[in-house]
Amino acid sequence: MAEVELRVNGTSSRVQLDPRVSLLDALRERLRLTGTKKGCDQGACGACTVLVDGERILACLALAVQYGGREITTVEGLGRPGRLHPLQEAFIRFDGFQCGFCTSGQICSAVGMLAEHRAGVPSVVTPRLAATATPLSEAEIRERMSGNLCRCGAYDGIVDAIQHVAGVDDRAATAEPAADR
Amino acid sequence: MEFLQPATWEEALEARAASRDAVPIAGGTDVMVGINFGRLRPALLLDLTRVPELQQWGTDDGAVRLGAGVPYARVITELGDRLPGLAMAARTIGSPQIRNRGTVGGNLATASPAGDAHPALLAAGAEVEVASVRGTRRIPVADFYRGVKRSALADDELVAAVRIPPRTGPQQYSKIGTRNAMVIAVAAFGLALHPDRRAVGTGIGSAAPTPRRAPAAEEFLAGELDGLWESRAELPPATAARFGELVAGAAAPIDDVRGTARYRVHALSVMARRTLTWAWADYRKGDPACA
Chain W
1 MAEVELRVNG TSSRVQLDPR VSLLDALRER LRLTGTKKGC DQGACGACTV LVDGERILAC
61 LALAVQYGGR EITTVEGLGR PGRLHPLQEA FIRFDGFQCG FCTSGQICSA VGMLAEHRAG
121 VPSVVTPRLA ATATPLSEAE IRERMSGNLC RCGAYDGIVD AIQHVAGVDD RAATAEPAAD
181 R
Chain R
1 MEFLQPATWE EALEARAASR DAVPIAGGTD VMVGINFGRL RPALLLDLTR VPELQQWGTD
61 DGAVRLGAGV PYARVITELG DRLPGLAMAA RTIGSPQIRN RGTVGGNLAT ASPAGDAHPA
121 LLAAGAEVEV ASVRGTRRIP VADFYRGVKR SALADDELVA AVRIPPRTGP QQYSKIGTRN
181 AMVIAVAAFG LALHPDRRAV GTGIGSAAPT PRRAPAAEEF LAGELDGLWE SRAELPPATA
241 ARFGELVAGA AAPIDDVRGT ARYRVHALSV MARRTLTWAW ADYRKGDPAC A
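First to last, the sequence lines map onto chains W and R. For the first sequence, position 106 matches number 106 in the UniProt record's numbering, and the numbering has no gaps at all. For the second sequence, position 1 matches number 1 in the UniProt record's numbering, and the numbering has no gaps at all.
Check the hints yourself; a few may be wrong.
Short derived list, chain W residues pointing at chain R, Cβ under 10 Å [unchecked claim]:
hint, residue
1, 39
2, 137
3, 144
Far from chain W, by Cβ distances over 10 Å, these chain R residues were calculated [what the hints assert, rightly or not]:
hint, residue
4, 21
5, 52
6, 59
7, 80
8, 94
9, 125
10, 132
11, 179
12, 194
13, 213
14, 286
Please keep in mind that the hints were generated in silico from the structure rather than gathered at the bench. The beta-carbon is built from N, C-alpha and C at its ideal position, and this holds for glycine as well.
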């Protein structure tokens with residue numbers, strides 16, 4: 001057995017576990033944070049996407065003991081009933097889900113993705129010489145969200161929801177200089 | 001089962017030497033699949049993610065020395081200009097979540113014939129730096145792969161870094177899969193033009209028991225480019241087609257669930273022809289940064 005301090009959504013817990021336990025199983029079975037879903041358990045579906053120090057990773061491909069002391073954010077930490085995260089609100093408004101099983105992974109992934117895009121990280125569809133500051137087109141969103149599968153096929157709604165939030169962010173970012181003028 | 005999380009490289013090497021059947025883990029993108037499905041039951045897991053040296057890259061002796069624990073996401077954002085072929089390969093790996101964790105060092109240690117980094121490393125002429133308590137040695141990447149998921153790594157050694165000469169000309173990478181994300185390559189090809197030494201580098205993935213070069217294709221193309229390096233004239237289509245045939249001829253694929261041997265050979269000839277066409281067009285334009 002190993003002991004690890006897991007810091008999840010701002011709360012620290014000391015957990016005793018077999019070192020083979022994945023971060024996903026630790027979150028669900030030990031901390032009872034069942035918002036993060038287990039789809040394939042082999043890194044192919046994205047349903048278990050969580051944020052570690054703001055970076056999106058797959059909780060099924062992480063050992064819980066590797067993540068002691070790191071800041072882990074699950075869907076439960078993004079918003080709560082009555083005070084949803086903008087992406088959660090947008091997923092509802094734009095029908096970004098049907099059954100909902102992939103949704104927490106989609107939303108955590110989208111949070112990480114928007115941060116990557118803001119930081120200028122290119123994708124495989126980004127024009128070769130424009131590694132930074134490309135707008136978040138539909139093609140860019142689909143490629144950047146390609147690690148998250150939705151078996152209901154709610155992709156159009158997911159793209160609309162993310163584009164809406166990204167657009168709101170862009171408007172907020174450009175609103176200030178415009179007001180100064 | 002035991003778990004060790006060394007904080008220094010020395011501790012990691014000592015732990016490796018003390019437990020030859022330990023399973024090193026970094027990004028976890030391969031090891032965890034084995035653990036989750038009960039195929040891998042290691043007596044000791046050796047977590048390398050807290051060893052600072054492995055998370056860094058720098059330049060040394062003219063080469064980029066890429067620490068074994070640098071994730072693909074950083075190869076893309078930080079090294080696209082120096083190592084365009086590897087960065088292009090990295091952009092095709094898994095999904096964004098996988099690229100935030102998976103490492104070139106892990107790709108090397110796993111030594112799968114389908115590992116996406118290998119064709120780019122072969123084309124660039126990389127060297128693998130491996131270490132143990134006995135010392136450090138460098139292995140040309142073409143000699144590193146020894147069989148399906150077997151490498152030249154001894155049972156007390158860890159991959160420390162991979163040393164990659166920075167680009168001196170255009171580089172390209174192409175991969176065939178059923179979709180863009182999260183596929184194991186059906187076949188892959190990496191190409192590097194080295195105008196500084198009038199040479200050509202190639203790397204074939206998923207089409208032989210190990211990743212491998214296509215030496216006859218490299219030699220043929222280097223001969224055909226004699227004179228064209230200076231004139232930057234158009235490349236005759238027949239040359240690109242012949243290059244594709246020679247690359248395909250270097251493969252030794254099998255039929256498996258992802259594709260047939262015949263398809264792989266055909267795909268390689270097409271990928272080699274296309275990547276060469278793209279790379280030469282870049283060279284003729286004066287070769288702007290490719291990635």
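Right, here's what the structure says about each hint:
1. Among the interface hints, the one on residue 39(W) is violated; its C-beta lies about 12 Å from the nearest C-beta in chain R, farther than the 10 Å criterion.
2. A distance limit of 10 Å between C-beta atoms decides the matter here; for residue 137(W) the minimum to chain R is near 15 Å, and the interface restraint is violated.
3. Because the beta carbon of residue 144(W) sits about 6 Å from the nearest beta carbon in chain R, less than 10 Å, this interface hint is met.
4. The beta carbon of residue 21(R) is kept farther than 10 Å from every beta carbon of chain W, the shortest such distance being approximately 15 Å.
5. With a least beta-carbon separation of about 15 Å from chain W, residue 52(R) lies farther than 10 Å from that chain, consistent with its non-interface assignment.
6. Distance check on residue 59(R): its Cβ is at least 20 Å (rounded) from any Cβ of chain W, clearing the 10 Å threshold; non-interface status holds.
7. At the 10 Å boundary, the C-beta of residue 80(R) falls inside the reach of chain W, the nearest C-beta of that chain being 7 Å off.
8. Not every CB of chain W is more than 10 Å from the CB of residue 94(R) (nearest about 7 Å), against its label as outside the interface.
9. Against the 10 Å criterion, residue 125(R) stays outside the reach of chain W, whose nearest CB is about 23 Å from its own CB.
10. Every C-beta of chain W lies more than 10 Å from that of residue 132(R), the closest at about 23 Å, which supports listing it as non-interface.
11. Against the 10 Å criterion, residue 179(R) falls within the reach of chain W, whose nearest CB is about 8 Å from its own CB.
12. Against the 10 Å criterion, residue 194(R) stays outside the reach of chain W, whose nearest CB is about 20 Å from its own CB.
13. No beta-carbon of chain W is positioned within 10 Å of the beta-carbon of residue 213(R); the least distance is around 25 Å.
14. The Cβ of residue 286(R) lies farther than 10 Å from every Cβ of chain W, with a closest approach of about 13 Å, so its non-interface assignment holds.
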